[in-house]
Amino acid sequence: MLQTKQKPRAKPVVGWKLAPRRESHAIWYVFLLPTIVGILLFTLYPLIESLRLSFTRGVGEQYVGFQNYANVLLSDTFWYAVYNTFYITFFQLLLAIPFGFLIACLINSLRRTSNFFKILFYIPNTTSMVAAATVFLAILHPDGPLNYVVELLGFERVVWLSQPLSAKWGAIILSVWHWLGFVIIVTLANLQAIPGEYYEAASMDGASRIQQWIWITIPNMVGSLTILFVLGWIGGLQRFSDAYMLGGLQGSPARSLHTVVGFIFERGFGGSEYGIASAAAYILFIFILIFTFLSTKLLRMKI
Amino acid sequence: MFKLKSRSLSLILMLMMVVILSACASSDTTSNSGASATDTAPSSESNSSSETDASSEFSGTLKVQLIGSFSLDDKTDPVTGVTSKGVHVLKEEFEKRYPGVTVEFVLMGWDNYNEKTQTMLQSNAADVYQLPGIATFAEQGLLEPLQPFIEEDSFDLDVYLNGQIDGWRAMGPEDEQPEIYGLPFIGDARVLVYDKKLFDDWGVEYLSEEPTMEEILEKAKKMTGTNPETGEQNYGITFKGSDAADSVMNINESLGGQWGTGFLWKDMQVEFDTPTMIQAAEMMVEANQYAPEGTLVNQGSEDFFTEDNNVAINLRVPPGFINSLETFGTQDRYQATLLFENTDKGMGGMFAGSPFAIGESSTNHELAWEWLKFSSSDFFQKYMWEERRTESMPVIKAAKDWESVKAIPQMDVILKQMGQLWAPRYPYRAGQPRYILSENIELILLGEITPEEGLTSAQEEAEKWLSSQQ
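Chains as they are written, first to last, in this note's numbering: chain A, 15 to 317; chain B, 10 to 479.
Chain B on its own, in the form it takes in the complex (with noise of 0.2 Å):
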């Protein structure tokens, strides 16, 4: 009897065991397979569709993800003190345009968020993705096209400022040029900013509003040194050096030269060795001069936007400075200007920020598609402006006319970079070229090797690189 127990026992252990195994395998097998995702999608659309048109309203439940530190409820900064609304506001809101939907949001962290990004979209855990890596997953296939919405809307893409669609352009595998698959929400750009004290202190002219290189090094070579008011250190110019690759491809840009050309890997051709690039980067190792010590690494410039401040120019800042000097109550001291600008083309800057794009994988395109419409919205723009300032600038052209954008004098010049940056982003970055490029300047700037050593050898070792995708 025992035995016959045992074996009972047994028999049920394994069959536990193949089900869960092989519910994990169908599931795996189901969101590996391109074709079979692709395969089931239609039906998901045309059921969802049916729906929406037998009963000519949206019903149902959206996910949608979001990343950063956004959070349901309010919460209130511990180094500010100010209290910001959750985005229950902008659920509440949605769902009272919208009877009958319920808004689901996956909140999470920018910790490791491509990988987790790329489970939920293969496992259909939302409809709607914020997605800074777009090209990565709309390579794949996992991205709805945003174009037939668009025209079935006719959706006015001219509510955004320029170049913000183009921004985020990407390629699916069937495209053979990049095409929309995201629209923006949260707007970001580099700009450079200035000390108008230290140059006061040391009386040189401020920047101009769209200064060259050539400037920037002049006036930070002035600035480097004992400031003759204060007797302290100065100088004259930091930069991110983690970003210094971009920096010098920013400056080449300005100079006229260009990173390359194609989208997808097999098409690409990088341009890392131009002269342009050169003559950059030899800019760059002059900027390096000027700059604190530990700048490679980023240290040297904690003082910057503080009453403290040693250092006349930051190359590249993104917008939430605007916070820190609030913080700070140094809004009078320092100014933006352009970064970088190619004067004939009117450009300058490398995009950034991050659209909302909808999984291929959802069974809800049509609703995603309106919550798309509903992040461009005023409400939605000033929601973001308003209460998540610290990581989002608005991408809409309105915003220019709100008055609590006016009321900031460093706007205006965010929001004109913003509305020139270069686009579609940089292709390059999506893989290796991104870290031989910013290894070799790294190289460059530690004075290992000179900008033609190192620029030569990056080019060669994209390609090499490059070839090996083909």
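This is chain A alone, in the form it adopts within the complex (with noise of 0.2 Å):
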């Protein structure tokens, strides 16, 4: 008799479900037709026109195959902008990786100020770069805050910007002073992800806060440490902005911040020759794509 009753429901409770399921995701491709269109428009199409024209020269984009390729690759003017791009990357993480995370954990260790220093740290990366770097302009100006502090510290004023090795580095700290907020706040967070417990275990069996912090802290933040170390080579591989700043269209001086997308923007837009900074911006996008597959492989990062 259950029985009965039931099969005779069982069909229309299975079409009554199909229905407006199969509704529902017609209904929603139209909500998502605007960034559909958006980003065949905007991201799609320009990638292809961008393929295309890495593959021609010239107004009349005359079909010069992989020359525009080849042309960038022995480029010696492209290859200072690659150790350009490296050199300010690398420093710029191994400095504001380490520092950030000290900073996260004495503000984590903090019982009632611990907010303010949050926004302290973080401003800078609200800020845009562009408008930092004017600031910097005038920090890293001979006559500047920075050289102030270099001359309190005993040390000869540096002119920051006007030779090749100290123009990098004034680049370097001004990317780490922007970027140190972003750090603080993702190590931050794992750092109060942490289970109480571990330390409370660990305080039970005698251990220092020392040993806390390298064997319960420290192996709990590789995770963040690790996708910190992976956003920050991405994003100094398309550094541009902070550079362009500083050094100007050229990366002056003698080309000492000219980046890889320097090298791509003035190319194209300083010399429109946009064959040739396509071709750039596809072995840029090529060593992103290696760069980030290296490093997920290489610290086993799961994304």
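Everything labelled a hint here was simulated from the structure, so no lab data went into it. We put the beta carbon where it would ideally sit given N, CA and C, even for glycine. One or more of the hints may lead you astray.
What the hints assert, rightly or not - Simulated coverage check for chain B against chain A, where a stretch passes if three residues somewhere in it have a Cβ under 8 Å from a Cβ of chain A: (1) 118 to 125; (2) 144 to 150; (3) 305 to 316.
Fit the two chains together into the complex; they arrive one by one in their own frames, and the hints show the way.
Have a look at this one:
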């Protein structure tokens, strides 16, 4: 009796469930349509067009095969731009990640004023890089505040942006200052997610604060530090605004602040060599792809 | 039933997508294809002409693109507190002169102006364009040649200061020599400015009206050190580091050299490693010794034009400095002189400014030409001089007689400099040779290579790049 009642109900229930589910899917596509069209027009189309341009040269878009790729890869200026990009990014990460992690640990141990310090350190990251770099032009001025501190510490003042090496370090200082807040917020979130029971158990076993930090905190932070490392490299390889603001179109002095994206910008918009610029953009894309792949493999990271 | 609805909806969405994409593709094809643009232009033009002939008057909307700090409405400068009139003044005057015509402005900043202009020219977003990078667009066949308009109207090009027309000559895809594609409306130049007070403090004779680089270096050297009157550190000279390669080229020309020959990449020969170029680079190295430490990156001379200045001579100053003098009340302290003149040819300095040009894609060429003529009028030029002085100098000879021009002592030198600039603009600056030369000049000024090494390297690299453009 019960079975006979259930069977006739089963079909309409199945049919009733299927119909609205299909309908809702169709409706969702309508809502997604503007985004899909936007992606097709402003992401996919430029990508394909840029790929096509990378095989052409000149105003007439004459087909030249892989000549542009060869020209870029044989260009000393390009490889110097790659060197500058890697140099600045390497030291940015080397300084910002450990410092940010340490500051996050200190903030995490505070009981009352932690919010104040979180905001204080995060403010630079909310500032646009162009505005931050404009301020740093004054900070890095020969008579600026950084040289005041340098002289207070007993060192000779540095004309930061006038020499290739010090100009690179000027860009590193700016990028560390700008990125530190992001590192602090990410690591702080991870620190607060570590269960307190670990520390309680360790302290009951007699572990000191330093031992707890080394054997509990650091192993639990590997995931965050890895993602910061990968994001930092991707962002670093795309570096442009800070170097452009400090060194201009050519990354002066003597191209010491010329980055890979700066190379693309100069050839594309400074000389209307869209083919060369497009080829360089695809080479940069391959760099980022390889670098991200290696990073995730080496660090055994799951994305 | 639902299946039908779902299919119908999917079909509608697909159709919408196809329509949107095909619309983009078709407009793109038209704009990207030089041939199709050329093919359609005459019919549009003939339509426009026939309308003009039929009504014997102009009508319709004229779109004018302007780059810089232009605004339609009046606005007040936050530093000086002076209110300047917006470009509505030009719109009202033009519409009064041509009843039935409406002027619309497309105003944009200097950021990425070349890319924006390129897009606008390809999509017929305006009729008249402000085009400081005119050669790039003429080469692509995106601009209307102006010689036929000039001849048809018997337009007198002699109203402009010497060289202002030649400075903007460019080459279209079919041209065999530089032709007129733009008429100047914003004048610009670089002049040499010096601080008379520092000259007095050091007991050094003021610069002559047409100083040579030797004279400049000799006097700059004398004024580098501790000021005998004030006891402050003084520097003899400063220059814009990012323009150092242009300074070297200007000095080279004053010494009798030339940048090279040709206009299009395929015909171009550069002369970066000649004896006069090496001599000019050596002079810039010496000048760098008398300059503040940060000069190469445009630092160290921020107080120039103020009462606190500590630099005697500024090598490259745009004419807008007269506004700074007015702001700081130091008009009597600073004097301008001509920059790097080649006395044999009576020329000196790099050509600069902005011209107006007509987009080839415009369907309103005749009216656009009327705007270009309007831009040479006293009304237009006086508006630019009185209201947009921060970014504009007059380009017409008549300006010399304006009372407001005569009232500023430095204007005499500025207008004289503008009338003797090397023209056309250095074509090598439109691509890699410009950056190659700049990089090597910076290396020379940093002391990392000698002038001979740097300029030989610049020559080789530029030749290599030029050969790749064949």
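The hints, checked one at a time:
1. Three residues within the 8 Å Cβ limit are the bar, and the segment 118 to 125 of chain B against chain A gives 3, so the coverage statement holds.
2. Restraint check on the segment 144 to 150 of chain B versus chain A: 3 residues with Cβ-Cβ distances below 8 Å, three needed, restraint holds.
3. Taking a C-beta to C-beta cut-off of 8 Å, the segment 305 to 316 of chain B contributes 4 residues in contact with chain A, enough for the three needed, and the coverage statement holds.
In summary, the structure agrees with every hint in the numbered list given earlier.
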